[in-house]
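Participant: Please take these sequences and the hints and turn them into a complete structure.
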Amino acid sequence: NGIAGDLGGGSLELVDVDGEAIGDGITLPLGGLRLQDMAKNSLAQAAKIARDELAKARLLKGGQGRPFYAVGGTWRNLARLY
3 NGIAGDLGGG
13 SLELVDVDGE
23 AIGDGITLPL
33 GGLRLQDMAK
43 NSLAQAAKIA
53 RDELAKARLL
63 KGGQGRPFYA
73 VGGTWRNLAR
83 LY
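Here the working numbering is used: the first residue of the sequence shown is 3, the next is one more, and so on.
Careful, some of the hints might be misleading.
Now the in silico label distances, taken between C-beta atoms and shown as ranges [what the hints assert, rightly or not]:
1. Ala23 - Leu45: 31 to 41 Å
2. Arg53 - Leu80: 15 to 25 Å
3. Ala72 - Asp26: 16 to 26 Å
4. Gly10 - Leu45: 14 to 24 Å
5. Ala81 - Ile28: 16 to 26 Å
6. Ala72 - Asn43: 16 to 26 Å
7. Trp77 - Leu45: 16 to 26 Å
It should be emphasised that the hints constitute simulated quantities derived from the structure, not laboratory data.
All C-beta atoms, glycine included, are put in the ideal place defined by N, C-alpha and C.
Facilitator: Quick look at the structure:
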C-alpha cells in the first residue's frame, strides 16, 4: 500500500499501489536528463520545476505518510551514492 516510482532519464513514472491492486499512474517530465535540459543546468531552477510538477500531481495528494517504493536502476545508483 503506497506509491511506486520509476525514475529514468526522461520521466518519473508514479503508480498507486494498494495491496495487490495497481491503481492510477502518471508520468511527469522529471527524468534526470530532461530536467537538466529544462532547467538549463541550474540546480535552483531544476528544484523549482520539480516542486511545481509534483504539486500538480493529483496522485500525490493523498500520498503523505504512505510508503514510497523506488523502482529501477536510477534510484539504486542514487542510493549507492548516499
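Participant: That 16 to 26 Å hint for alanine 72 and aspartate 26 (C-beta), does it hold up?
Facilitator: Taking Cβ atoms as reference, alanine 72 and aspartate 26 lie about 19 Å apart, which means the hint holds.
Participant: For the pair alanine 23 and leucine 45, does the Cβ-Cβ distance stay inside 31 to 41 Å?
Facilitator: With a Cβ separation near 38 Å, alanine 23 and leucine 45 satisfy 31 to 41 Å, so the hint holds.
Participant: Would you say the C-beta atoms of arginine 53 and leucine 80 sit inside 15 to 25 Å of each other?
Facilitator: The hint (15 to 25 Å, Cβ to Cβ) holds, given that arginine 53 and leucine 80 are roughly 18 Å apart.
Participant: Starting from the range 16 to 26 Å, see whether the pair alanine 81 and isoleucine 28 falls in it by beta-carbon distance.
Facilitator: holds, 23 Å
Participant: Note whether the CB distance of glycine 10 and leucine 45 lies within 14 to 24 Å or breaks it.
Facilitator: Given range 14 to 24 Å: holds, Cβ gap about 20 Å.
Participant: State, for the Cβ atoms of alanine 72 and asparagine 43, whether the hinted interval 16 to 26 Å holds or is violated.
Facilitator: holds, 25 Å
Participant: Could you say whether the range 16 to 26 Å given as a hint is met by the Cβ separation of tryptophan 77 and leucine 45?
Facilitator: holds, 19 Å
Violated hints for the displayed structure: none, as all numbered hints are satisfied.
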